[in-house]
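Q: Take a look at the letters that make up each chain.
Protein chains: 4
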Amino acid sequence: MSSSFGRFFKITSFGESHGQGLGVVIDGCPAGLKISTEEIQLELDRRKPGQSKITTARKESDLIQVLSGIYEGHTLGTAIGLVVYNEDHKSGDYDNLKDLYRPGHADYTYDARYGIRDHRGGGRASNREAVARVAAGAVAGKLLQSLLGTRCLSWVEQVHELKAQIDPDSVTLSQIEANEVRCPDPKMAEQMHAAIQQAKSEGNSLGGVIRFKVEGLPAGLGDPVFDKLTADLAKGLMSIAASRSVSFGLGEEAALLTGAEHNDLFVLKEGRIATQTNRAGGVLGGISNGQTLWGRITFKPTATLLRDQETLTKKQETTQFKARGRHDPCVLPRAVPNVDAMVNLVLADHLLSFAVANLGRLKRALVH
Amino acid sequence: MSSSFGRFFKITSFGESHGQGLGVVIDGCPAGLKISTEEIQLELDRRKPGQSKITTARKESDLIQVLSGIYEGHTLGTAIGLVVYNEDHKSGDYDNLKDLYRPGHADYTYDARYGIRDHRGGGRASNREAVARVAAGAVAGKLLQSLLGTRCLSWVEQVHELKAQIDPDSVTLSQIEANEVRCPDPKMAEQMHAAIQQAKSEGNSLGGVIRFKVEGLPAGLGDPVFDKLTADLAKGLMSIAASRSVSFGLGEEAALLTGAEHNDLFVLKEGRIATQTNRAGGVLGGISNGQTLWGRITFKPTATLLRDQETLTKKQETTQFKARGRHDPCVLPRAVPNVDAMVNLVLADHLLSFAVANLGRLKRALVH
Amino acid sequence: MSSSFGRFFKITSFGESHGQGLGVVIDGCPAGLKISTEEIQLELDRRKPGQSKITTARKESDLIQVLSGIYEGHTLGTAIGLVVYNEDHKSGDYDNLKDLYRPGHADYTYDARYGIRDHRGGGRASNREAVARVAAGAVAGKLLQSLLGTRCLSWVEQVHELKAQIDPDSVTLSQIEANEVRCPDPKMAEQMHAAIQQAKSEGNSLGGVIRFKVEGLPAGLGDPVFDKLTADLAKGLMSIAASRSVSFGLGEEAALLTGAEHNDLFVLKEGRIATQTNRAGGVLGGISNGQTLWGRITFKPTATLLRDQETLTKKQETTQFKARGRHDPCVLPRAVPNVDAMVNLVLADHLLSFAVANLGRLKRALVH
Amino acid sequence: MSSSFGRFFKITSFGESHGQGLGVVIDGCPAGLKISTEEIQLELDRRKPGQSKITTARKESDLIQVLSGIYEGHTLGTAIGLVVYNEDHKSGDYDNLKDLYRPGHADYTYDARYGIRDHRGGGRASNREAVARVAAGAVAGKLLQSLLGTRCLSWVEQVHELKAQIDPDSVTLSQIEANEVRCPDPKMAEQMHAAIQQAKSEGNSLGGVIRFKVEGLPAGLGDPVFDKLTADLAKGLMSIAASRSVSFGLGEEAALLTGAEHNDLFVLKEGRIATQTNRAGGVLGGISNGQTLWGRITFKPTATLLRDQETLTKKQETTQFKARGRHDPCVLPRAVPNVDAMVNLVLADHLLSFAVANLGRLKRALVH
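Chains as they are written, first to last, in my numbering: chain A, 1 to 368; chain B, 1 to 368; chain C, 1 to 368; chain D, 1 to 368.
Please note that the accuracy of each hint is not assured.
One copy or two, either will do: identical chains are not told apart, so a pair holds if it fits within one copy or between any two.
[Claimed, not checked] Simulated crosslink set (BS3-like; lysine-lysine; CA at most 25 Å straight-line):
1. Lys-200 / Lys-322
2. Lys-163 / Lys-187
3. Lys-269 / Lys-59
4. Lys-213 / Lys-363
5. Lys-53 / Lys-269
6. Lys-269 / Lys-315
7. Lys-98 / Lys-34
8. Lys-314 / Lys-269
9. Lys-315 / Lys-98
I should point out that these hints are in silico values taken from the structure, not numbers from a laboratory.
All chains should be modelled from the sequences, with the hints used to inform the complete structure.
A: If you want it as structure tokens, here you go:
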């Protein structure tokens with residue numbers, strides 16, 4: 001069950017980095033949602049390799065094929081099959097990796113688990129797997145947009161030691177897309193860009209932090225006690241390659257406040273129950289409270305380095321190796337649409353669960 | 001599906017804080033595991049209320065009843081039903097909460113979701129729900145111990161601004177259990193204890209950080225791509241009440257290192273593949289690499305405050321309220337066994353998945 | 001995952017025949033459903049042992065305890081925990097079975113699977129496990145009744161060679177409950193009763209057929225392609241102890257008709273789309289068509305015989321044995337509420353799935 | 001979750017009859033299984049349209065593409081993505097069906113559920129969906145063959161009133177494949193063939209019965225209490241288009257025997273525990289007992305008729321219509337590989353579950 005995610009809006013992905021292709025099946029998307037191939041492609045283009053000087057040079061058009069489940073521009077309610085074929089798989093680049101374990105990569109752990117692996121470009125462990133998530137996330141995002149008028153917005157907040165100072169409430173998609181780093185602070189984005197290029201030129205790599213927000217959610221999304229909104233988001237976000245931590249609201253900083261300092265007090269805003277502050281990140285007891293949902297994900301620096309590293313072979317012999325394959329010196333700019341996708345997928349799933357959580361909503365659904 | 005967790009070693013919990021009782025069904029525990037009621041009780045006793053001056057005064061013996069699935073001291077392979085009856089439910093303490101929304105609690109969000117709630121002591125949102133997790137986690141822990149000779153060890157690393165300086169590799173269970181805070185640094189534990197009592201006397205509360213480790217795991221646990229070990233742990237740990245962030249290995253600090261600084265190099269240790277350092281926290285590509293699994297969870301300060309707070313009623317009227325119910329001024333000491341439980345549950349689940357992940361292991365299992 | 005059933009309205013059962021007790025957790029029942037303990041008890045009383053001369057003499061009051069999820073007469077939306085304690089477990093009756101394999105029973109197969117078993121009264125394989133299903137089914141039935149004004153009605157149609165001639169459309173619950181066989185044809189019921197008593201007196205047992213119907217279902221229940229309504233019903237019904245076949249509509253007889261004879265033609269009835277005949281059993285392509293859902297389940301004769309049978313011991317030695325434990329000479333009368341329960345559970349599950357299957361219904365649910 | 005099947009060996013299918021293509025993702029197949037594209041193709045060729053005079057004339061080469069999960073002839077343990085593109089979709093044939101509801105088809109029920117449908121050739125409700133099952137079933141079959149040396153064998157036992165008299169124990173694959181009907185009784189096969197051609201020439205259709213058997217299974221497959229082997233098989237088999245009943249062992253005939261006549265007595269055969277007879281169909285208490293697993297599925301006559309039928313339009317107007325699309329006058333010959341597939345899928349799933357059901361097997365798996 002490792003390649004499926006979600007309960008009501010469920011996706012199942014497949015594909016290796018240098019195999020024939022990748023794809024995803026979406027099962028449980030309600031019928032009647034208007035969506036075009038272009039809308040899905042748009043999100044894939046945001047994560048496409050080769051989009052800038054600070055991303056991998058691999059050339060993939062990542063053209064999505066809709067094999068089923070969408071007819072005449074609308075979802076049918078049946079399983080949506082989406083496929084992208086790999087084009088630029090220079091498998092030869094990876095011949096030298098066949099029998100060694102790259103530091104920081106999953107080569108060794110895949111071998112330990114499966115006793116066999118597709119060594120080309122990391123196989124199933126490659127970041128390229130995100131194609132499937134992003135394609136499915138585009139459909140989830142459209143569903144949210146269509147039903148709630150909102151969806152997730154993520155951006156790069158930190159690269160290595162460079163932290164942007166941004167008012168999160170004012171961030172827009174166009175600000176995010178305005179530069180190649182996907183940091184809505186243009187000046188900091190320039191510095192980040194330079195830092196990434198510098199690291200690249202040194203055969204090194206950088207990590208950082210992505211922040212996400214979802215405004216305008218209704219209160220009530222989230223299933224106690226194990227499928228809390230925060231729990232499912234944590235799983236989805238920690239399943240993204242290179243993620244190392246996930247937090248909601250103040251996150252780690254919450255430990256430094258007392259209860260009297262941390263509690264968000266309830267107040268009326270425009271006749272509706274709201275909170276004065278939003279340290280909780282829009283979730284109470286694992287259920288959305290109608291305030292902006294927000295949090296952060298930390299990504300480690302890319303494990304692939306264009307410099308010599310010592311490592312072990314399958315036969316336990318020491319060897320030197322230097323990566324030749326194309327890669328991102330910093331995964332964050334292209335991870336932004338991936339974060340959007342995972343958050344949208346979790347929210348779409350929980351929106352369906354919410355719809356049937358009480359008799360009142362259920363009765364309204366069944367009226368005809 | 002909100003009250004179930006796990007795929008192969010699956011638990012389903014139920015129970016409200018002030019209802020008749022709580023319980024859990026474990027489905028998928030292999031037959032033939034030797035386990036006694038006492039072993040389960042032992043873990044429950046670690047999280048039992050009323051165990052010290054810095055925990056809630058609620059008196060519950062939390063005696064576990066084994067209703068099924070264990071016979072003559074061994075698991076039968078069938079569903080294990082465990083029940084704990086509530087004893088000290090002073091529901092009257094909560095009468096004043098019936099129609100108001102406590103800040104930082106899930107009262108409002110439960111109402112938004114369900115349109116109805118059991119207001120007594122937080123109902124299903126209460127920390128008391130952890131009884132079920134801890135009971136199930138005891139069985140998972142025994143399974144791990146029996147098969148691998150290891151299981152999770154957690155401790156309090158930080159309370160508010162007080163951070164312990166501990167060599168994590170040397171921490172033992174007896175060190176953790178040596179004081180009421182469950183911090184294996186005895187001097188810091190005293191300071192933490194004082195800080196919690198101080199906060200309590202001021203009607204305030206504190207948060208902090210719990211660290212966990214699992215030594216001696218085999219390499220290969222973790223399912224790509226959504227059920228990564230880290231992803232499932234993140235979900236399990238973020239489903240614990242009051243958790244705000246979860247991280248693995250260096251976590252947030254990973255963003256501050258370059259790739260060359262962060263990669264753990266493979267080396268041979270005692271003839272086996274190991275890593276020189278363990279910044280990754282024992283997981284590569286979501287799969288255990290045979291090194292110590294470790295990470296941290298941040299908990300917010302308890303939302304319940306024994307002081308006046310302004311809030312809203314269900315009818316959207318402003319009101320003052322001061323908590324009367326018993327509560328923990330700092331959830332961390334009693335959250336330690338809960339963290340152990342969730343980690344053990346995830347590992348037990350992944351151990352079963354690992355056993356059938358390749359043909360070699362599967363064939364060995366089927367030999368007779 | 002063997003003890004869970006359902007996706008949206010999910011139940012998890014536990015309990016052995018002669019253990020401490022049995023129970024079930026219902027996860028996913030919408031909040032706000034009015035239901036009393038008495039309503040659940042009523043269904044349990046229908047399947048209770050010792051209710052007549054043709055059922056087992058075991059004395060169990062089967063009193064249900066509601067441990068969670070129902071508060072002040074309404075469901076909370078959280079997990080509903082239900083428990084029944086065993087009272088009349090005369091385990092001594094089964095001492096002679098500890099090391100032998102009863103013909104037609106699951107003793108040998110449980111040993112082959114688990115390497116250990118609770119031999120007392122069949123343990124987990126006992127029909128007594130149905131207590132959990134029936135209790136959960138009562139809640140599902142109430143949900144259906146409340147939302148659709150209908151729920152399942154089952155009755156005994158055949159015992160051994162005795163087949164009742166009944167107009168299924170006119171059968172009512174009171175007709176079914178009017179006699180101990182639960183056959184709404186009173187004259188045939190008498191003959192069946194006599195046949196069962198006769199078999200009992202000979203230490204023998206009888207099987208038969210139960211028919212079920214659900215009138216007044218909306219069209220649209222059923223998920224293509226694997227979770228068809230018929231597929232999920234087949235699974236639920238074939239999971240009942242002693243069931244040997246399940247069919248829908250004409251079932252096996254359908255093979256004897258040509259397509260021109262079998263197709264139900266669409267016609268307007270009272271301004272709504274209906275079918276002239278109902279050979280299909282109310283389902284087309286696995287989805288309900290608004291006609292009466294109906295089908296049949298065949299039960300084998302009880303395996304327990306109060307007469308000598310030759311069999312093998314665990315050590316593969318031949319032995320003679322004669323059952324001493326209490327049992328039903330014909331399982332059908334008490335299987336009727338079990339069939340009701342499974343059908344109601346499947347329908348409740350599919351009703352929730354139906355509510356979110358298209359954007360129109362989903363939008364209506366979310367309006368507020 | 002409608003398009004997924006299985007728990008450990010899980011498949012997710014997608015595709016409409018006249019969309020771009022169909023496919024399936026297999027998640028949970030153990031790594032290291034040797035399998036070629038040809039082996040999968042072989043099964044698809046058995047169910048391919050246009051294979052004889054008694055099947056649909058639609059021309060599809062049904063060439064399978066392996067997009068992921070198999071590398072250098074072995075499974076990787078990761079998700080296996082399989083795709084077949086549609087070639088001969090003459091959608092024009094179905095223009096007249098856009099706004100009417102064909103009798104016996106799912107047109108009306110899909111509309112009731114989704115409010116939208118792909119009317120071309122039945123869309124998702126088409127028998128063509130079985131491409132995905134059969135492809136996945138081929139992998140499951142290979143796994144069984146590789147681990148147990150056995151897999152499912154199905155054949156046509158009855159067409160309309162023509163019943164073959166065959167010794168089931170002696171039936172071989174080559175006998176089944178020896179004629180276009182897939183009935184191993186050559187004389188009866190000829191009569192069946194003639195009957196189907198006769199029905200076709202009259203614009204009519206026929207149903208019938210398929211029997212399956214699996215020899216050489218170990219005892220112990222099947223999860224109590226809901227995921228019994230029989231329950232899961234019933235679900236899988238009842239999810240096949242046009243199926244109307246499923247039975248195990250004697251099935252409906254079991255009702256006509258007394259317990260003394262029905263019980264299979266345990267005996268030693270070649271030093272192993274076996275049963276003298278096999279009326280139970282190889283399953284006791286939902287768990288395999290090591291005897292041949294066998295049962296039957298009844299299929300209704302094809303709903304598509306090449307003759308005038310009266311029906312209703314979407315606007316509830318009466319209309320005459322006569323099918324033009326290509327179809328099978330009897331689905332059974334091509335349903336045989338579909339039955340094989342579903343049985344193999346269930347068995348593969350249960351084999352993995354069996355491997356971790358007790359501590360002994362689990363320990364052996366983990367030894368290294």
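Q: Under a CA distance limit of 25 Å, which applies to Lys-98 and Lys-34: within one copy, between copies, both, or neither?
A: between (45 Å within a copy, 20 Å between copies)
Q: Checking an output row: Lys-213 and Lys-363, CA cutoff 25 Å. Within, between, both or neither?
A: Result: close only across copies, 23 Å inter versus 32 Å intra.
Q: Using 25 Å as the alpha-carbon threshold, which applies to Lys-163 and Lys-187: within, between, both, or neither?
A: Only inside one copy: Lys-163 and Lys-187 sit 11 Å apart there, 36 Å across copies, limit 25 Å.
Q: With 25 Å as the alpha-carbon cut-off, assign the pair Lys-314 and Lys-269 to within, between, both or neither.
A: between (62 Å within a copy, 15 Å between copies)
Q: Is it within, between, both or neither when you check Lys-315 against Lys-98 at 25 Å Cα-Cα?
A: within (12 Å within a copy, 52 Å between copies)
Q: Is it within a copy, between copies, both, or neither that the alpha carbon of Lys-200 lies no farther than 25 Å from that of Lys-322?
A: within (14 Å within a copy, 57 Å between copies)
Q: Please work out whether the CA atoms of Lys-269 and Lys-59 approach to 25 Å or closer within one copy, between two copies, in both situations, or in neither?
A: neither (50 Å within a copy, 40 Å between copies)
Q: Quick one: Lys-269 to Lys-315, C-alpha cut-off 25 Å, is that within a copy, between copies, both, or neither?
A: So Lys-269 and Lys-315 pass the 25 Å test across copies only (14 Å; inside, 65 Å).
Q: Please work out whether the CA atoms of Lys-53 and Lys-269 approach to 25 Å or closer within one copy, between two copies, in both situations, or in neither?
A: Neither: 45 Å inside a chain and 40 Å across chains, both beyond 25 Å.
Checked against the numbered hints given earlier, the structure breaks hints 3 and 5 and satisfies all the rest.
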